[in-house]
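Asker: Sequence:
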Amino acid sequence: MQELKFKGLLTRYFNKKANETESALVDAWYKSYQSLEEDVQVETLVKEESKKALKSYIQQSESTKTLKPLYFKIAASVVLISATAIFFNKKLKSSSKKITYSFVSARVGQVKKVTLPDSSVVWLNAASNLRVSSNFNEETRTVFLDEGEAYFEVTKNPKKPFIVNSPKLKVQVLGTSFDIDAYRDKGATKVSVSTGRVKVKNANKNLAILTPKQELTFNNKAGDYHQTEIDINQFRAWKDGKFYFNQASFINLAVTLKNNFKIDLIAGKPEVKKYLFTLHLTSDMTNQQVLNLVSAIHDSNYRKEGNSMILY
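Residue 1 is where the sequence shown starts when you use the UniProt record's numbering, and the numbers rise one by one after that.
These aren't lab readings, by the way, just hints derived from the structure by calculation.
This one's a predicted model, so the numbers in the text were calculated from it and none came from an experiment.
One should not assume that every hint holds.
Result set (BS3-like, lysine-lysine): computed pairs, CA atoms no more than 25 Å apart in a straight line [said to hold, decoys possible]:
id	residue 1	residue 2
1	LYS199	LYS159
2	LYS112	LYS159
3	LYS205	LYS168
4	LYS170	LYS98
5	LYS98	LYS17
Label-pair ranges, simulated between beta-carbon atoms [what the hints assert, rightly or not]:
id	residue 1	residue 2	range
6	VAL121	ASP284	39 to 47 Å
7	LYS159	ASN246	37 to 45 Å
8	LYS17	THR211	55 to 63 Å
9	GLU305	GLY196	42 to 50 Å
10	LYS97	GLN234	27 to 35 Å
11	LYS159	LYS262	37 to 45 Å
For every residue, glycine included, the Cβ atom is placed at its ideal position computed from N, Cα and C.
Let the hints inform the model, and build the full structure from the sequences given.
Answerer: Following this line, the structure appears as structure tokens:
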């Protein structure tokens, strides 16, 4: 359908039936012809004759002549055919370029540092997956945080925005450092900023522009969100094996224990799921030390059942 429209536009132009807008469109196309040549392979003779014919016609259109020689009619037909071919070959080439992905993962209990082609640095928290597209650093710098948490230190490049797609949110920056916590089991996605400005959006709208010490928490199910002020040193401390919890929910604590300490913590009674936890853990602590500290907060107990630890 698009090809027929383009052919019709050129036909009207050559027959002097194109309106002012259509004529301007063809004139603009001719001026961009040189760049089109570089992107498609068309026989040299056809291209040269087509350009000559089109140029001749454009120049002639500006005069008062009304008759055209037979040669020009034939050449004009060549323009129509080759111009359409160039237009759609370029479009096909662009749309058919295959994009592949490189995958980077951090195992349970592991933190991994990754340097991207633009020299930006990413730290992946435990049980996290990052996907990098093959066209990274062409027009944009796009990565996908499919699961987990990552801290980004983005190399500044005003001409190429750095974009992170998580399952629920899209984050765009030019050069800054920030954290995205997108563990699915937590039920929420958090974006926290250390330096610079970060634009946050979801599928439907722009949510906020965050500045240093600001954090946005997005409810994955309900779709609502809120912003808070945070301690920069605490939210990024996991990179150094330190974990700070400030009135954290049971599920948030349980996800961290599972991913970073290999402890499968389960609520042994309904009220445990409502507990909030404020504590500080380090990666060099033993499982017993961790569980003793966790259970002491609400004067709870724990027991082992299979591979899980039951808090009650």
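Asker: Between LYS159 and LYS262, does the C-beta distance stay in 37 to 45 Å?
Answerer: holds (43 Å)
Asker: When you take the CB atoms of LYS17 and THR211, is the distance between them in 55 to 63 Å?
Answerer: Roughly 57 Å apart at Cβ, these two residues keep to the hinted range, so it holds.
Asker: Does LYS159 sit within 25 Å of LYS112, going by the straight-line distance between their CA atoms?
Answerer: Not OK: LYS112 and LYS159 at ~28 Å, beyond 25 Å, violated.
Asker: Range hint 42 to 50 Å: satisfied by the CB atoms of GLU305 and GLY196?
Answerer: holds (46 Å)
Asker: If you check the beta carbons of LYS97 and GLN234, does the distance land in 27 to 35 Å?
Answerer: Once the Cβ atoms are compared, 43 Å apart, the range 27 to 35 Å for GLN234 and LYS97 is violated.
Asker: Quick one, are LYS98 and LYS17 close enough, alpha carbons at most 25 Å?
Answerer: violated (40 Å)
Asker: Taking 37 to 45 Å as the hint, is the beta-carbon distance of LYS159 and ASN246 inside that range?
Answerer: The hinted range 37 to 45 Å holds for LYS159 and ASN246, with Cβ atoms some 39 Å apart.
Asker: Would the pair LYS205 and LYS168 pass a check requiring their Cα atoms to be no farther apart than 25 Å?
Answerer: Between LYS205 and LYS168 the Cα gap is close to 12 Å, so the pair holds against 25 Å.
Asker: Given the hint of 39 to 47 Å, is the C-beta distance from VAL121 to ASP284 inside that range or not?
Answerer: violated (24 Å)
Asker: Is it true that the CA of LYS170 sits at most 25 Å from the CA of LYS98?
Answerer: holds (23 Å)
Asker: For a C-alpha distance cap of 25 Å, please report whether LYS199 and LYS159 respect it.
Answerer: holds (16 Å)
Consistency with the previously given hints fails for numbers 2, 5, 6, 10, ordered from lowest to highest.
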